[in-house]
Amino acid sequence: MTPAPSGFDELIHPSTRLSLVSTLAAADWAEFGFLREALGLSDSALSKQLATLEEAGYVATERRLEGRRHKVRARLTPVGREAFNGHVAALQAIVAAAVATES
Amino acid sequence: MNQSISHDDAAAALASVARARQDVAQEVGLPTWYWWSMAAWWVGISALNELEIRWLTIAVTVVLGAVHASLAGRLLSGRRRTSDLQVSGDVVGRRTTAAMFALLIVLVAVTVGVGFALNADGMEHPALGAGVFVGTIVALGGPTLLRAARKVFGA
Chain Z
1 MTPAPSGFDE LIHPSTRLSL VSTLAAADWA EFGFLREALG LSDSALSKQL
51 ATLEEAGYVA TERRLEGRRH KVRARLTPVG REAFNGHVAA LQAIVAAAVA
101 TES
Chain L
1001 MNQSISHDDA AAALASVARA RQDVAQEVGL PTWYWWSMAA WWVGISALNE
1051 LEIRWLTIAV TVVLGAVHAS LAGRLLSGRR RTSDLQVSGD VVGRRTTAAM
1101 FALLIVLVAV TVGVGFALNA DGMEHPALGA GVFVGTIVAL GGPTLLRAAR
1151 KVFGA
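First to last, the sequence lines map onto chains Z and L. Count the first sequence with this note's numbering and you get residues 1 to 103, in order. Count the second sequence with this note's numbering and you get residues 1001 to 1155, in order.
These aren't lab readings, by the way, just hints derived from the structure by calculation. Please note that the accuracy of each hint is not assured.
[Said to hold, decoys possible] Derived Cβ-Cβ restraints for the label pairs, each shown as a range:
(1) PRO3/Z - ASP1090/L: 42 to 50 Å
(2) HIS70/Z - SER1006/L: 51 to 59 Å
(3) GLY1141/L - PRO14/Z: 35 to 43 Å
(4) ALA1059/L - ALA45/Z: 51 to 59 Å
(5) LYS48/Z - ASP1090/L: 46 to 54 Å
(6) SER44/Z - VAL1112/L: 54 to 62 Å
No residue lacks a Cβ here, since even glycine has one placed at the ideal position from N, Cα and C.
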């Protein structure tokens, strides 16, 4: 076990949230339905994850009226993107340190 | 941060990040209507060519080329295949646009080649035959062709 380096983000790290943030990081925005299918989550589970990330300022959601249906669109905020990049860099540092120790 | 994390956990997390990015990259492409309209243009221009009214063929080709070019900026990046998400420019990269243009050039070359082959075979309307042949490929296999082209271009 290695102490988590700076940039490691405990809020992002849990697997479901990491997949959600990674998906949003690869997109400008994504519809709620797409995220639900991509991550295999229920509506309520996804709403909960989005709410947690939104509270932290990492995600912004927008409710839009399309035809007669309301659609929710989510995107990473600049703060969220920075936190995600920092988290990935921290993970890479851990892996690199382990490889350096082994060789 | 007080949390400790193992090398294996970190590696697994990075793999999950890469998987999510790959899943989003799978969404790169063009809407279905785009492929069908392109197929229709292909057949239409080939049919016009059979009429041997050169000015009309050239005029229609120029107009459709202009329409295509105006769509290019919005669609050819492949970021808007669906209305479910918009893939980030960073994930799509410029190579997708290059792959799309290369695909168009290959399709034109195939149309000309098939046209000559059908003509040599004595077909009555070789240009139309070639247009229908390539148009069918575009309508039914456009997304697959683009995927293949992206692979060739490493996009």
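So, going through the hints one by one against the coordinates:
1. PRO3/Z - ASP1090/L: 42 to 50 Å: Given about 31 Å between the Cβ atoms, the range is violated.
2. HIS70/Z - SER1006/L: 51 to 59 Å: violated (43 Å)
3. GLY1141/L - PRO14/Z: 35 to 43 Å: holds (41 Å)
4. ALA1059/L - ALA45/Z: 51 to 59 Å: Since the Cβ atoms of ALA1059/L and ALA45/Z sit about 57 Å apart, the hinted range of 51 to 59 Å holds.
5. LYS48/Z - ASP1090/L: 46 to 54 Å: violated (28 Å)
6. SER44/Z - VAL1112/L: 54 to 62 Å: holds (57 Å)
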